[in-house]
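Work out the full structure, taking the sequences as your base and the hints as a guide.
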Amino acid sequence: LKAIVPDPPAQVPLGFSSTMASQGFRHSGVAAGMGKQLIVVSCYTRFDNLAHGPRGTEAKRSLYTYSMDPADGQMVLLAITQDEVMNPAFSRFHPRKNLLYTCTESVAENGQIVTWRVCPETGRLSKLASSDAGGTSTCYLTLDKDCANMLVVNYWDATIGVFGVDPKQGCVEGARSMFDPNGGRKMKARHDKHVNHSQNDHSAQAERQADPHSHAVILDPYFGRIAFVPDLGMDVVRQFRYDPKTGRLTGAGTLRSGPADQKALGPRYIEFHPTLPMCYVINELASEVSVFEFDLHAAQQLLGSRIEDLEQAAPVLRLVQTIRTIPDAFPGKLNTCGRIAVHSAGNFVLVSNRGHDSIAVFRVQHALPRAGMLTMVGNFHTRGATPRHFQFDASGQWLITANQDSDRICVFRFNLANGRLDWTGHEYRVPSPNFVCNVQPHAEEVVELSDERPSDAVAADLATQQVGGGGVLQGGLLRSGATVPLPRINSRL
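Just so you know, the sequence shown maps onto residues 768 to 1260 in our numbering.
Hints were generated in silico from the structure; no laboratory data involved.
Incorrect hints may appear among the rest.
Derived DEER-like restraints, expressed as beta-carbon distance ranges [claimed, not checked]: (1) D839 / I1074: 48 to 58 Å; (2) H1148 / D839: 18 to 28 Å; (3) Q1029 / G820: 20 to 30 Å; (4) P1026 / E940: 27 to 37 Å; (5) G1192 / R1085: 35 to 45 Å; (6) A1027 / G941: 17 to 27 Å.
Predicted, not measured: the structure shown is a model, and the values here were computed from it.
Idealized CB from N, CA, C, for every residue including glycine.
See below:
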């Protein structure tokens, strides 16, 4: 078979996100705030209904919007929300509309998915709608490639829902389906009496892993039809076949998030590499990153299976490496991991350590046979306590940390050559920050290039083929020789 390689991405206007470019969207018209870099920070407003125990200050307002100067990384506060929304703890910016989605976190009551309109000029967030998330402690939102559905994870009761999205207004509508890993079984843990999920000793781990706890959901970047859900409670990553037309997730087996003989892994998040067929799982309790290869052949078999055979589907991901995120002599029980992110250039993977209070930076190997594997660059202190989240700006040269328990967000310069983080001295007081969202306002009309989107047939042709340099791509795994860019759908945050 002749290798099919997509054309290199065209130059895109300032303010047009790389995620949108990779998804096959283009601008129609120009918006007055395009090119502006906004940073939206969400805060905990109430501590008594959380699974974990923040030690900072309860916020009176839930969302802060800053503008960032890309020349030096300085930020200026533009807006603070007036609408009362409790504990927004995750944000997602729409790839075609100036809409921001947040979800609320509480173990005692169902979460809410809130839709906000973003003003490109002022940074003001205006609440448009709110929808019940169908479960407790809502923690993750993912839009599918056509922005027709939103996949939602509720951490406490582990449910995973698919919700419709209004095609004109962009607001989240009612649930189309809901998957319950508990199978209707009552949870062992009680929402009104439970261990502090910030702790990580053996007794805390045992209680945290007495029940399933889904923590994230992403779609594969090749077909957009395989969903992966890390389950912190069961030490597995769940596979699902996703049907965007019916909005249904069908279970397709599980895989361990780390070595088979290791306990208390606690998978939290999963991220794909932007060009290599690799993904990375952060194991929160073990303070380790697991590196997986994506098997394109197994993915095709899963997508082509009869529904009654899906539970016996082979894993699409294959473990190839685990690597520690904290120094060897630092006690693991004093740390839990927060976010994992793959830099947009594909050369580094970063993880936040809550307890060690650092960002661990890993270099991605590109030479075969270790393509996609990681080597440690170093740990860099976050200038605050409990970095629950961090985020790059659009250029990838500035990194903002959300230091939850010291009420601070801090800005670092990221060295694109060696992966070092250098403290800029820029810090801003934000009460109990828990999430940082990179928002680049764009034109309201973004036209989908449907005729340029890679088809399933194109991906299928790449199952086994010869690539440049004598390498062979077998089932989406790089065995030897050069890498090949596969058609992708970028679903990364």
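Here is what the structure says about each hint:
1. Range check, D839 to I1074: about 55 Å between beta-carbon atoms, so the 48 to 58 Å window is met.
2. Checked against the given bound of 18 to 28 Å, the beta carbons of H1148 and D839, roughly 21 Å apart, stay inside it.
3. For Q1029 and G820, the Cβ-Cβ distance of about 27 Å falls inside the hinted range of 20 to 30 Å, so the restraint holds.
4. The hinted window of 27 to 37 Å between P1026 and E940 is violated, with their beta carbons roughly 42 Å apart.
5. Against the hinted window of 35 to 45 Å, the Cβ-Cβ separation of G1192 and R1085 comes to about 44 Å, which satisfies the hint.
6. Against the hinted window of 17 to 27 Å, the Cβ-Cβ separation of A1027 and G941 comes to about 40 Å, which falls outside the hint.
Checked against the numbered hints given earlier, this structure breaks hints 4 and 6; the rest are met.
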